[in-house]
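Those protein sequence lines, which keep their order, are chains R and Y. Last residue of the first sequence: 325 (the working numbering), numbering continuous. Last residue of the second sequence: 371 (the working numbering), numbering continuous.
Honestly, the hints are just simulated from the structure, not real lab data. You may find that some hints are simply not true.
[To be verified] Taking lysine to any residue pairs in the SDA-like style, the calculated list, with each CA pair at most 25 Å apart, reads: (1) R:K74 x Y:K206; (2) R:K138 x Y:P22; (3) Y:K193 x R:K74; (4) R:K74 x R:V59; (5) R:K138 x Y:H21; (6) R:K68 x Y:Q20; (7) R:K138 x Y:M34; (8) R:K306 x Y:Q20; (9) Y:K206 x R:Q299; (10) R:K74 x Y:L15; (11) R:K138 x Y:K206.
For clarity, every value in this text was computed on a predicted model and none was experimentally measured.
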Amino acid sequence: METAVLYELLRMLISVVLVVAFVFINALIMGYLERKISAHIQRRPGLMEVGPHGILQLVIDGLKLIGKQLIVPKDADRTLFRAAPLLSFAPVVLPLIVIPFSPKLQVRDFDVGLIFILAISSLNVLAILMAGWGSNNKYSLFGAMRSVAQNISYEIPMLLSLLAVILMTNTFSMQGIVQAQGKIWFFLVQPVAFLIYIVASFAETNRAPFDLPEAESELTAGYHTEYSGMGFSLFMLAEYANMFVVCSIATVLFLGGWHGIPLPFGAYSGAIWFFIKAYGLMVFMIWVRWTYPRTRFDQLMNFCWKYMIPFALVNLLVTAVLVKL
Amino acid sequence: MPELTKISQPHRFFLNMGPQHPSTHGVLRVLLEMDGEYIIEPQPVLGYGHRMQEKLAECRTCTAFMPNTARMDYAAALPYNHGYAALIERMAGIEVPPRAEYIRVITSELNRIASHLLWFGALLLDLGAFTPILYSFDDREQILDILEDITGSRLTYCYFRVGGVSKDIDDKFVERTRAFIKRLRQRFDIFEKLVTGNVIFINRVKGVGIIDADMCRRYGATGPVARGSGIPYDVRKNQPYSVYSEFDFDIPVGENGDSLDRYMVRMREMEQSLRIIEQALDKLPEGPYRGKIPKKIKLPAGDCCFSVEAARGELTYYLVGDGSDVPYRLKIRVPSYSNLSVLPELCRGMLLSDLVAAMGSLDLVIPEIDR
């Protein structure tokens, strides 16, 4: 028994280190991809200075951000202001625990894995609200209020679309959902749910065209207007990690997770397929961001309540009936 | 100054937009009384970039003021050059050779296109799309390169002189301009695909910021703002100056006066400018590019007025002379000032996001307002 406990503790430690390291590496990769892809969309070279094709630029940027002074604005709520970036960072690390990167590469397979992810990632809204309220800045407050309204609204169609998949698999375990897609990936069976999920995930991660909480032409930078240095970069880390979580859920529930044509990498081919799919979706999100203008807040809400939720409900009902038959 | 302390109802608050805000495009400050995200009362506050240009004109000879004209509307400086040069010519009775007039029209229209391309990018930036500005700047860059070759500067031109222009254009200029016309016509298709046909874009500008024709008349709004509201007023057509009467071009007008109409008017105006440039290049006469002018230009006692169509609307110079070579008084009527004065009535009850869209569609240049 002793060795089992020790083994378990060691496993936990390694997992935590790997997960946190992955969050940082993901931010580096995504930061580079975002800047490079946006540059090519806009017909400019983008990062070119540090390292070949600027691949080390993000490392330098990270060092710069660490070295910067953390300025707390006058009359700001110091506790909330300091706590908000940390709180936004924590909930995006936890979901990575239950994501199955390959049949074996997974920290823990909960029976309620999906519910765990959704419950944890809702905490992010709280962090944004704290940042907006604590900054003592009206623009930040606007951003925070928008974010809360937006995230709460979009959580509903998102959950409804995921529920349709759950009805088919009969399990909340992430590994179980992937295994259920051995024959056919669910985005072919559930195209409506997949579409709704993708649109809702744009709103969930505050990405353009739904980036209203940080609409820079209206609200300067929204809830993180007053943040500098690591405060700002924790929000950025959280945003990219959140994107990864959202895209991982899409990969697991709709794109067959680690399933794919066998690659000549043995046991690793599942993980490779998983990352190809997840990063493919993230590149898609970057592509959309740099192509479309921003929507208006009331249009965003109308779209959610008048189109997405009814469609998601109908889709859920139809799925329920078909599953029962 | 507006009252900073009084809020009309307890749950309302002030939001200070600018002078350092990404979408006021310069040092404009708009003080907004807000109710949630709705604007109750917007008040533009001016004067952050005031340089006493009109007073400066009274302190130097009339020809020495030419560089200052370019510092007002920096996005389209050549029409400002044009208006001032033509004003002095009218006042002092100086003849301008036809070639010079053609060169003035060609370069002014190129500058108008450059200005509209800048506005196109800035409006989309206000609406949250970052990419279009880099596409339109690509084209604007071509114009700046062409103009740089003959005028010597890229933004604040001092190319026109009393009696003509400072340098003649050459075959290379003609060739490059023709190539540019061809290029820009193809680029319009890209803009059409990227922006004009985009549902999100149309939802953001259609029916937003409606200015009717009556409102334009009350506030004296001109240019694309008035034309977007269906008033077919363009100085180039209504009181043709220079050689504009010799060209065949249309005045695009809108119907509803919303932001989309103003957008469409400016996009179509660029095509019309291309038409004017094409015709002018075809008809370009030979001859001197600068007329004979006296060494010291004496302004006769009396007053004189000259209007041109700048990129943002009607620009009028009004000059009072007292027999010396220094103007006694110069009054400049700039289009952006009148276009901005529409803002409070236009934006009452609007959402904050719509204010940004409406302000972008007015195409304000702040140094022109605070001159």
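Numbers of unmet hints, in rising order: 1, 3, 4, 8, 11
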